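Q: Listed below are the residues making up each chain.
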Amino acid sequence: SQTIHQWPATLVQPVGSPLSLECTVEGTSNPNLYWYRQAAGRGLQLLFYSVGIGQISSEVPQNLSASRPQDRQFILSSKKLLLSDSGFYLCAWSVMGINEKLFFGSGTQLSVL
Amino acid sequence: KQEVTQIPAALSVPEGENLVLNCSFTDSAIYNLQWFRQDPGKGLTSLLLIQSSQREQTSGRLNASLDKSSGRSTLYIAASQPGDSATYLCAVANQAGTALIFGKGTTLSVSS
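Residue numbers (this note's numbering), protein chains in the order written: chain A, 1 to 113; chain B, 1 to 112.
For the record, the hints were derived by calculation from the structure and aren't laboratory data. Fair warning: this is a prediction, and the values are worked out from it, not measured in the lab. Backbone N, C-alpha and C fix where the C-beta goes; we use that ideal spot for every residue, glycine too. Just so you know, not all the hints are guaranteed correct.
[Claimed, not checked] Sample of chain B residues with no beta-carbon within 10 angstroms of chain A, all distances over it, derived: (1) I7; (2) N22; (3) I101.
[To be verified] To be clear about the criterion: a stretch of chain A counts as covered by chain B if any three or more of its residues have a C-beta under 8 angstroms from a C-beta of chain B, and this derived list gives those stretches: (4) 16 to 27; (5) 80 to 86.
[Said to hold, decoys possible] In silico PhoX-like pairs for lysine-lysine, Cα to Cα no more than 25 angstroms straight-line: (6) B:K42 x A:K101; (7) A:K101 x B:K1; (8) B:K68 x B:K104; (9) B:K1 x B:K104; (10) A:K101 x B:K68; (11) B:K42 x B:K104; (12) B:K104 x A:K101; (13) B:K1 x B:K68.
Isolated chain A, as found in the complex (with noise of 0.2 angstroms):
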């Protein structure tokens, strides 16, 4: 069965420091790969989404930056954290053309202070 690990489950990070979250999918292959944020009070914002491997497309300009080195690794990145970039960060995958569900990993809590 098809498994999402993402972590850490909890990160406060000064301001200004650098950031990496990552995600791994497991039982799958060639999965779609997501990051979205949920901010206190927002809906969940999309941030990034890959096809495949090296293949990153960015929804909102900001200060983050996502890799996908390998078919089932995601990884988000910060080199310089603004207060702003506090959020509830999810990571997501599906497989097109099979319904297409979407799974989401149990989310990191990002506090910059």
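Based on the hints, put chain B in the right spot on chain A.
A: Relative to chain A, chain B alone:
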């Protein structure tokens, strides 16, 4: 640009009541629509997925309907229980293989 709206933002009901959560979207040319459940501080769990060619999907006490032409979907929860308390999110995909666009959710509280 597709926009998804969910009404109400919050809902409180006594245990046992049947209830309806509403979702509307501005562009009716969707590929599919999904309903998710999110518990506080957790990720999202997919509840039901309706393809654009379908009118409804059912899973246990949950029934989701889709009226594409009017840009609406409803999630019906029968005989609500305290364990149903959570935030319910609606999301649409405009095309196959594209990312979902989410509403802000309805936070449901079921009291015993």
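Q: It remains to establish, for every hint, whether it holds in the given structure.
A: Verification of the supplied hints:
{"no.": "1", "hint": "I7", "in the structure": "holds, 13 angstroms"}
{"no.": "2", "hint": "N22", "in the structure": "holds, 15 angstroms"}
{"no.": "3", "hint": "I101", "in the structure": "violated, 8 angstroms"}
{"no.": "4", "hint": "16 to 27", "in the structure": "violated (count 0)"}
{"no.": "5", "hint": "80 to 86", "in the structure": "violated (count 0)"}
{"no.": "6", "hint": "B:K42 x A:K101", "in the structure": "holds, 18 angstroms"}
{"no.": "7", "hint": "A:K101 x B:K1", "in the structure": "holds, 22 angstroms"}
{"no.": "8", "hint": "B:K68 x B:K104", "in the structure": "holds, 20 angstroms"}
{"no.": "9", "hint": "B:K1 x B:K104", "in the structure": "holds, 16 angstroms"}
{"no.": "10", "hint": "A:K101 x B:K68", "in the structure": "holds, 19 angstroms"}
{"no.": "11", "hint": "B:K42 x B:K104", "in the structure": "holds, 15 angstroms"}
{"no.": "12", "hint": "B:K104 x A:K101", "in the structure": "holds, 19 angstroms"}
{"no.": "13", "hint": "B:K1 x B:K68", "in the structure": "holds, 16 angstroms"}
Checked against the numbered hints given earlier, this structure breaks hints 3, 4 and 5; the rest are met.
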